[in-house]
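Just need the whole structure built from these sequences, with the hints factored in.
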Amino acid sequence: MAKTYNNLYLDTRQLLRRAGVEAASLEARELICHVSGKSREQFWIDLPLYASEELCREVEDLLRRRLEGTPVAYLLGEWSFYGLDLDVTPQVLIPRADTEVLAAHAIARVRAAGEGARALDLCAGTGCVGLAIAANVHPCRVVLADLSPDAVALCRQNIRRCGLLSQVTCFQVDAREEPPARLWSFDVIASNPPYIPTAEIGTLDRSVRDYEPHLALDGGADGLDFYRAIIRRWTAALRPEGWLLFEVGYDQAGRVAALMEEAGYRSVACHPDTQGILRVVEGQRPLPAEGEKQSGLSD
308 MAKTYNNLYL DTRQLLRRAG VEAASLEARE LICHVSGKSR EQFWIDLPLY
358 ASEELCREVE DLLRRRLEGT PVAYLLGEWS FYGLDLDVTP QVLIPRADTE
408 VLAAHAIARV RAAGEGARAL DLCAGTGCVG LAIAANVHPC RVVLADLSPD
458 AVALCRQNIR RCGLLSQVTC FQVDAREEPP ARLWSFDVIA SNPPYIPTAE
508 IGTLDRSVRD YEPHLALDGG ADGLDFYRAI IRRWTAALRP EGWLLFEVGY
558 DQAGRVAALM EEAGYRSVAC HPDTQGILRV VEGQRPLPAE GEKQSGLSD
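Counting in the working numbering, the sequence shown runs from 308 upward without gaps.
No wet-lab data here; the hints were simulated from the structure.
Watch out, some of these pointers could steer you wrong.
Label pairs and their computed distance ranges (CB to CB) [unchecked claim]:
hint : residue 1 : residue 2 : range
1    : E568      : T311      : 28 to 36 Å
2    : G344      : D318      : 18 to 26 Å
3    : E361      : R540      : 22 to 30 Å
4    : H445      : L333      : 28 to 36 Å
5    : A404      : P547      : 27 to 35 Å
6    : L354      : A330      : 14 to 22 Å
7    : T377      : W351      : 50 to 58 Å
8    : E548      : D512      : 38 to 46 Å
Below, in silico cross-link-like pairs of lysine to aspartate or glutamate (EDC-like), each with a Cα-Cα straight-line distance of 16 Å or less [as the list claims (entries may be wrong)]:
hint : residue 1 : residue 2
9    : K345      : D392
10   : K310      : E361
11   : K310      : E365
12   : K345      : E365
13   : K345      : E385
14   : K310      : E367
15   : K310      : D353
16   : K310      : E360
Being a predicted model, the structure only gives us computed values, none of them experimental.
Glycine included, C-beta positions come from ideal geometry on N, C-alpha and C.
Printed below as a string of structure tokens:
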């Protein structure tokens, strides 16, 4: 039976809500836009029009897979982050609204660094944080770095999609190891590393546990392995006045802030996400000891 786009949207939204999907309205719209090829703006304009039976069947098929647990971003192969449309695959974490808080604070720090600013998105995944920086701060230079070769390939794909080839490069790098010589002298390092304690991965929602890559989730026994390694090994890759920013888990801000303070970071601060959860921890590079030579490469 033929349906208007409005009825198709309402039916899809209702089934998602019954399944407990929090963003049911957004996901219903995105599924229909994807199948129909409509922009979000055109979708709202066309609500009174009739959708073809074939289109309705395609939406229903995607909806079935979504209700079985597949995240909507993987069904669509793309997701929006900080105003950018990015390609997404099951080999990387899906960009989330919470991470836009990290991007916003990183953008502010890069802007404050002025002309010639350099930023690193460490554990980049899709490259969402670094690409948001590059898209909003001109003419800064940004590096995307990730251990996964699939993530690095996707980063390159998203650099092209966003039209940021002149500003952004990417490398395969293990954030737990010393930075290679080419990755030094940054004004800002922003990182959303794996931070789920190993024992808690099995308790995550199945859309995360069964579909998103554990390599990008598992932060070790207490979830803090990557924070310790990055603070210990990557501080020297910052310029003297540079800033290190982290996204953290819902109960980790105090412990990550303490790690940074123990390492000598200055002006350590925690920032909340839209739910009031402390989600970002930042600090300025420690001052060198008297007589200590500053490390790092000049541009």
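Verification of the hints:
1. Hint check: E568 to T311, Cβ distance near 58 Å, so the stated range 28 to 36 Å is violated.
2. Between G344 and D318 the beta carbons are some 20 Å apart, a value that agrees with the proposed interval 18 to 26 Å.
3. The beta-carbon spacing between E361 and R540, approximately 54 Å, falls outside the hinted interval of 22 to 30 Å.
4. Between H445 and L333 the Cβ separation comes to about 30 Å, which falls inside the hinted range of 28 to 36 Å.
5. Distance hint check: the CB atoms of A404 and P547 are about 33 Å apart, consistent with the given range 27 to 35 Å.
6. Distance hint check for L354 and A330: the Cβ-Cβ separation is about 19 Å, which falls inside the suggested range of 14 to 22 Å.
7. For the pair T377 and W351, the beta carbons lie near 26 Å from each other, so the given range of 50 to 58 Å is not met.
8. For the hinted restraint 38 to 46 Å between E548 and D512, the CB-CB distance of approximately 40 Å keeps it satisfied.
9. The straight-line distance between the Cα atoms of K345 and D392 is roughly 14 Å, inside the 16 Å bound, and the hint therefore holds.
10. Taking the CA atoms of K310 and E361, the gap is about 11 Å. The hint holds against a cut of 16 Å.
11. For the hint linking K310 to E365, the alpha-carbon distance of about 13 Å falls within 16 Å, and the restraint holds.
12. With a CA separation close to 14 Å, the supplied pair K345 and E365 stays within the 16 Å bound.
13. Distance check on the hinted pair: K345 and E385 sit about 15 Å apart at the alpha-carbon level, within 16 Å; holds.
14. Of the supplied pair hints, the one linking K310 and E367 holds, its CA atoms being roughly 12 Å apart against a limit of 16 Å.
15. A C-alpha spacing of about 12 Å is found between K310 and D353, which places the hinted pair at or below 16 Å, so the restraint holds.
16. With a C-alpha separation of about 8 Å, the suggested pair K310 and E360 falls inside the 16 Å cut-off, and the hint holds.
Of the numbered hints given earlier, the model fails hints 1, 3 and 7; all others are met.
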